[in-house]
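S.K.: Sequence:
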Amino acid sequence: MHSIDQSIEIDRPVSMVYSQWTHFEAFPEFMPGVTEVRQVDDKHLHWKAMLGGKDVEWDAEITELEPNRRITWNSTSGAHNAGTVRFKRLGSERTQVRLVMAFETGSAYETLGGRMGVVSPRVKQSLRDFKEFAERH
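In case it helps, this note's numbering puts the sequence shown at residues 1165 to 1301.
Hints listed in this document are in silico derivations from the structure and should not be mistaken for laboratory results.
Everything numeric in this text was worked out from a predicted model, so none of it was measured.
One thing to keep in mind: the hints can contain errors.
Using 20 Å as the maximum straight-line C-alpha spacing, the simulated SDA-like pairs for lysine to any residue come out as follows [claimed, not checked]:
#	residue 1	residue 2
1	Lys1295	Glu1173
2	Lys1207	Pro1231
3	Lys1207	Glu1228
4	Lys1288	Lys1207
5	Lys1218	Pro1231
6	Lys1252	Gly1216
7	Lys1212	Ala1190
8	Lys1207	Thr1248
9	Lys1295	Asp1223
10	Lys1207	Pro1196
11	Lys1212	Asn1245
12	Lys1212	Asn1232
13	Lys1252	Leu1263
14	Lys1288	Glu1228
15	Lys1288	Val1249
16	Lys1212	Arg1233
17	Lys1288	Ser1256
18	Lys1252	Asp1223
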């Protein structure tokens, strides 16, 4: 099992940042490799991505939802992943987003990538891309 703990500060109010994050269908705009996220219902998402040159799909369930504060999820199919995104108000126009995630890798390539720290820089870049996305909307 691998884990990631990353955060970023965004120059927008917490309610706006939270709203942007929960627009799950927009994830491909700022998350490299993710090709589609479909919200099935209030608590379930279906993900499609291109990882290591392979198309992969999985389902996830939102297990805890505290508006403007926290979203926790757990995969229900595919390689196991789970985590929490926290939104912390730093001021009227500034928000910290903290992502803590645990994941298993499937193939030897993915395991090597996880151990070599390939995933962490990708997540950091995704958070930077989300910052840019949130600040321009």
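S.K.: Indicate, hint by hint, whether the structure satisfies it.
M.R.: So, going through the hints one by one against the coordinates:
no., hint, verdict
1, Lys1295 / Glu1173, "holds (8 Å)"
2, Lys1207 / Pro1231, "holds (13 Å)"
3, Lys1207 / Glu1228, "holds (9 Å)"
4, Lys1288 / Lys1207, "violated (25 Å)"
5, Lys1218 / Pro1231, "violated (34 Å)"
6, Lys1252 / Gly1216, "violated (33 Å)"
7, Lys1212 / Ala1190, "holds (13 Å)"
8, Lys1207 / Thr1248, "holds (14 Å)"
9, Lys1295 / Asp1223, "violated (25 Å)"
10, Lys1207 / Pro1196, "violated (23 Å)"
11, Lys1212 / Asn1245, "holds (14 Å)"
12, Lys1212 / Asn1232, "violated (26 Å)"
13, Lys1252 / Leu1263, "holds (11 Å)"
14, Lys1288 / Glu1228, "violated (23 Å)"
15, Lys1288 / Val1249, "holds (13 Å)"
16, Lys1212 / Arg1233, "violated (26 Å)"
17, Lys1288 / Ser1256, "violated (24 Å)"
18, Lys1252 / Asp1223, "violated (27 Å)"
In this structure, the hints that do not hold are numbers 4, 5, 6, 9, 10, 12, 14, 16, 17 and 18, in rising order.
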